[in-house]
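Take the given structure of chain A and dock chains B, C and D to it, following the hints.
Chains as they are written, first to last, in full-length UniProt numbering: chain A, 1 to 372; chain B, 1 to 372; chain C, 1 to 372; chain D, 1 to 372.
If you're looking for bench data, these hints aren't it; they were derived computationally from the structure. Ideal Cβ placement from N, Cα and C applies to all residues, glycine included. Please note that the accuracy of each hint is not assured.
[As the list claims (entries may be wrong)] Computed from the model, here is a short list of chain A residues facing chain C with C-beta under 8 Å:
1. Ser111
2. Glu143
3. Gly151
4. Ile281
5. Ala288
6. Arg289
7. Leu290
8. Ala291
9. Phe293
10. Arg294
11. Thr295
12. Val296
13. Leu297
14. Val301
15. Gly306
[Claimed, not checked] Simulated restraints on C-beta separations:
16. Asp47/C with Arg155/B: 39 to 45 Å
17. Gly15/C with Arg289/D: 40 to 46 Å
18. Pro174/D with Gly335/A: 51 to 57 Å
Number of protein chains: 4
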Amino acid sequence: MTGERTIGVGLIGTGFMGKCHALAWNAVAPTLATGLRPRLVHLAEADNTLARQRAGEFGFARATGGWRDVVSDPEVDVVSITAPNPLHAEMALAAFSAGKHVWCEKPMATSRADARAMREAARASGRVAALGYNYIQNPAIREMERAIRAGAIGRVNHVRLEMDEDFMADEDAPFAFKNGAASGYGALDDFAVHPLSLVWRLVGPVEAVVADQTRPYPSREGRAVETHEIASALLRLRGGASGTLGVNRAAWGRKGRIALQIFGSRGTIGFDQERMNEFQIFQRDGEARLAGFRTVLAGPVHEPYGRFVPAPGHSLGFNDLKVIEAGEVLAAIEGREARIVDFETGLAIEETIHAMARSHAEGRWIGVGEEN
Amino acid sequence: MTGERTIGVGLIGTGFMGKCHALAWNAVAPTLATGLRPRLVHLAEADNTLARQRAGEFGFARATGGWRDVVSDPEVDVVSITAPNPLHAEMALAAFSAGKHVWCEKPMATSRADARAMREAARASGRVAALGYNYIQNPAIREMERAIRAGAIGRVNHVRLEMDEDFMADEDAPFAFKNGAASGYGALDDFAVHPLSLVWRLVGPVEAVVADQTRPYPSREGRAVETHEIASALLRLRGGASGTLGVNRAAWGRKGRIALQIFGSRGTIGFDQERMNEFQIFQRDGEARLAGFRTVLAGPVHEPYGRFVPAPGHSLGFNDLKVIEAGEVLAAIEGREARIVDFETGLAIEETIHAMARSHAEGRWIGVGEEN
Amino acid sequence: MTGERTIGVGLIGTGFMGKCHALAWNAVAPTLATGLRPRLVHLAEADNTLARQRAGEFGFARATGGWRDVVSDPEVDVVSITAPNPLHAEMALAAFSAGKHVWCEKPMATSRADARAMREAARASGRVAALGYNYIQNPAIREMERAIRAGAIGRVNHVRLEMDEDFMADEDAPFAFKNGAASGYGALDDFAVHPLSLVWRLVGPVEAVVADQTRPYPSREGRAVETHEIASALLRLRGGASGTLGVNRAAWGRKGRIALQIFGSRGTIGFDQERMNEFQIFQRDGEARLAGFRTVLAGPVHEPYGRFVPAPGHSLGFNDLKVIEAGEVLAAIEGREARIVDFETGLAIEETIHAMARSHAEGRWIGVGEEN
Amino acid sequence: MTGERTIGVGLIGTGFMGKCHALAWNAVAPTLATGLRPRLVHLAEADNTLARQRAGEFGFARATGGWRDVVSDPEVDVVSITAPNPLHAEMALAAFSAGKHVWCEKPMATSRADARAMREAARASGRVAALGYNYIQNPAIREMERAIRAGAIGRVNHVRLEMDEDFMADEDAPFAFKNGAASGYGALDDFAVHPLSLVWRLVGPVEAVVADQTRPYPSREGRAVETHEIASALLRLRGGASGTLGVNRAAWGRKGRIALQIFGSRGTIGFDQERMNEFQIFQRDGEARLAGFRTVLAGPVHEPYGRFVPAPGHSLGFNDLKVIEAGEVLAAIEGREARIVDFETGLAIEETIHAMARSHAEGRWIGVGEEN
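Okay, chain A solo, but in the shape it has when bound (with noise of 0.2 Å):
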């Protein structure tokens, strides 16, 4: 088609992540009928032949087995990054030094200094710079969000955030690079920001915590286990409202639970990603006699849940969330208001974690972002 505006995409890394931004840069424009129309430039992988495999697969014109290759390209204006998280650091800076923008995936770095530096790089680029925070974009959640601004729950007093998998519950597994002190804190860093950045979302910014770890393997193949799968925390958040959160990367039979509950004077909303096309919500309104927990299933009603399917409780997947993504990427891109995590919030959500790891080493609370 003639006239269509195009803007070229670099990827880095073909992982998880790197497939899920693949199938997300293929479907935004079909999906969502962006102005602008990604065109698939330059794909990189840890060696070429691999590159060369996905490029194939995924779409994209060419491949390399050096990233540099890609941050480079003229072609590219914007690049994915999902190469493991020690990397996105360098990486991102190198891009916005290239005058790109920046899909990364979170969490942003493992270092605060990293992350910082990253937030600065961003600002001082002027480009975009979003955060692979997918969850925030499912459009149950965001009616969620808009239902808690417009007062359906009143003025909301306290939550509860849980997320928990069990890729760690094995106890006779091997000690793996995600049991090491290099990977990060554990749980903390690969789940807790996930529920952090909802409630960030629905409710607003966390001020201060004081929180718990364990390890529930000590050990693993005879060596000690450095991280700790599970954490729990106890939350004061702006505006007055408390919370707790639990987060457990060992909890067997979870699969990709992330629950709220959020509570209000007025109703309550629950979720569960595990069945993450539905929410409940509770009102006080109404005839007693009747009263309870709906269940809402996502719906045209919810954008942008009608451009995927124009039929209530057909089902969005995870990976439709990442193309709403793609798609709040464009738009920060195009100029226009977009729903990003976006470098400064990123930094303030992993500025928690870093609160909780401390308020466990120190046994009190620790308000986020105070200096150590």
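Here is chains B, C and D on its own, set in the frame of chain A:
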């Protein structure tokens, strides 16, 4: 990428199902890494302008207001037919005549004669003739099928099938096309074929039926409603199982319910499409004190879930089922074993609802395929 | 306490239902503060020793191995009949002859002739004649009835009824009394009358049926099974609603499922006895973005829940339903309006299953009450 | 019946819990066939008239407006104390002095000093001293305990405990007794002790806590609210497990939620009191393709469910738990092993909430039992 094998795709229709096909043709190669890569060649809509707009959004190279242009396009190898049901037969026959493979939305046709003609044309052409019964592609459904065949619930002796939505539930809505006899029977065509396609895969074909149909709202805007929004049937299946079927497109609050209960000599399986990423299974074996229905969340152990997301419990969506179906169509085109509902089976499924309609008229049991 | 009015109670049978009656007679005054206080006078069991033991446990003053002693006891005013079904008719007739009120477990009898004789005797006696359809006493069911009558879901146009347990599901179990024709039809007598009693209250009587019955296990220990563990029917109700009924006492994993779906012109109601303290309701009114099925937990707003527990959501149990039923029997005896299934209605419910059995034999629709 | 052993019962208070005790004393012998049969001797209420009325309803022989009459009645062997919490200590001490067994509602007292005095008096008396923690009596909870001890979920490493209702959720409600400091802490006394009693049985005692309390509505009718409707805590349990606790009596829509999640090295167990007849269990063993949480319905295999209903899945109710508790009190009186929370354990549970209150005041971890 050089050396890649491609296949030319034509698409007729860009509504609910047309967009769904378009998304699937875009996503199938990146997701499933099919050897054959679709090229989006030619798209038809009711008029040229809309056709061009959609071609731009969906990524098709050419657009037309005349569907025969797609069928006769020499670069097109396979045609997606998603136009209104009364047009299916003419389009499919033309496509087979032009030597194309056909992927047609269900139901095949609004008359038995047309459906039979389609079946004959498909046979004569030797081409792939697939129908859009995408619910059978769900990894959860596939696992249920595998489990049943592996004896997980013993010999199946009874089934209960339901499909309900509420788009015809509003008694105050105006008279619509779907209220007229030209649209078919009503809930039987619209809905019943879906659970029947599922039970066909999971248990087997239906041999005899007795059925009833009702109209919750006999008239709209002073015009008599000719279709039946509600239909129910008793079933006898090949192999001896009995069953019930209930379909209702005036079922307030149901949005995409397709509920199955399958009872066997050693267990029971349950499923509801509104929570399409899970199913329930009870097996008689095991400790009685801890016995109960298990809720199984779909994950990478259930093929081809893992091609979409490597983590369990993260949810596929409705559109992902079409991607899987596209992959099966490609497999069939390549001559590999494919999980599709072909025109033979599709005709048999449609014969079942014709038998139901006749049973309703005559008040007695009718054998499926019994001639009028 | 002086001045208290009391009523003498006789009990025949101390099995599942006998104990349930005994508990109800003990609990009804403390719970419901009935004006009339039961005195536990005389209990009959198959032999004197067991009778004495049960009388001690249940708090009855006298015990006998001969049920006629209870019926003829001048201090007994009301007789609970919980003996095996084939004995109901003789016992009830004797009790009416002796001028007693009768509270008899369902079904009335194993033959239509006996049931009719019981109905005639009840009419002639002028005494209270109540059947043990305790599920209708559930505060959740009562609220559903109230709501339906108040128009909460508009005009009812369709129902789906299910009752399933698994006590006959084991194909390896020995031949039992319930496998022989002397026990009745099978799932029809055992189960179908329960959902029919509920739909009778909630919507109205069934006028015509077409039904099917099947045997999952045709023989046990080499003997032919004569009953049908599975039965299904299509229903037409007075007032124009249609429906389906499925009952299965070989349904692995179901323990006490009585599932109702009631569809109306303005909403839908659902219930499952396995979670007897809640029901679901969808109402078309209200904000579309937040519409969904509400799960209503029973509480003091739903009479007479509050007589048991003053806090909502704390759960009544199965035995509490019998206490409420005992209270209704007392109300009837005192001449007040009472919510019981009397012998007139009970006979009509049983005629429905006879019509189903005949429909199965003849393969056609049968009007309820139509003579053979 | 001659030769029956009986025990004289006194009851102080006839509100929510008083009626619940009365129903239990009436039902315990018929239900559980206890060797010892309660005689309902003497009942006390705030005034003579109400006392007489309740005695008539509940079946007590004597009534009084002065509770000391009950305690000093020589025919009374065991006293049910269900008066307001501030009166428990005086009543229990008087009862022990008079040589009675005591069955007292929780919490023991509104001050630690009183609770300790009660514990000392119980010790000195040698009498049975039981607290009303009836949730531990639930057959579902008992089975969870049995399963955990049998290793069904391996070594417990984490727990999440919640208890929520909404009777304090209405911000427009007037200032009530429970809003004043004289009533205690708030949600901690009212609620937290319940899940703590459960985790005590299921896992073990809590050793250290850090806690937070908040007031959703700081004032009512212009008066400052002194209690906290919401409390949260992090827990460290003996044996190394960590945990969280959240309690909220202003949680709109929650009616009787007591939710437990117990994570172990080989599985997970979940429970919610709002559906008190079921629990969920995931066990790592078994076929991965069919793995998931099982919903186990309580039945006769879970003692003593079968004493109430011989059929599984038919549901016990809240009041039935008190009947089981009454049976345990009788067992303790007869010198048999009994499942009760005695005054030793009850005091330890209450020390946990005192530690939480102190932690809230001091902003640090507090050891349970640590002296102020």
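Hint by hint, here is what the structure shows:
1. Ser111: violated (42 Å)
2. Glu143: At about 6 Å, which falls below the 8 Å cut-off, the nearest Cβ of chain C leaves the hint on Glu143/A intact, so it holds.
3. Gly151: Nearest chain C Cβ about 12 Å off; hint violated.
4. Ile281: holds (6 Å)
5. Ala288: holds (5 Å)
6. Arg289: This hint holds: Arg289/A lies near chain C, its Cβ roughly 5 Å from the closest one there, short of 8 Å.
7. Leu290: holds (6 Å)
8. Ala291: holds (7 Å)
9. Phe293: Cβ of Phe293/A sits 5 Å from chain C, so the hint holds.
10. Arg294: holds (4 Å)
11. Thr295: holds (5 Å)
12. Val296: Holds: closest Cβ of chain C sits about 4 Å from Val296/A, inside 8 Å.
13. Leu297: holds (6 Å)
14. Val301: For Val301/A, the interface hint holds, since the closest Cβ of chain C sits about 5 Å away, which is under 8 Å.
15. Gly306: violated (12 Å)
16. Asp47/C with Arg155/B: 39 to 45 Å: holds (43 Å)
17. Gly15/C with Arg289/D: 40 to 46 Å: Given range 40 to 46 Å: holds, Cβ gap about 43 Å.
18. Pro174/D with Gly335/A: 51 to 57 Å: holds (53 Å)
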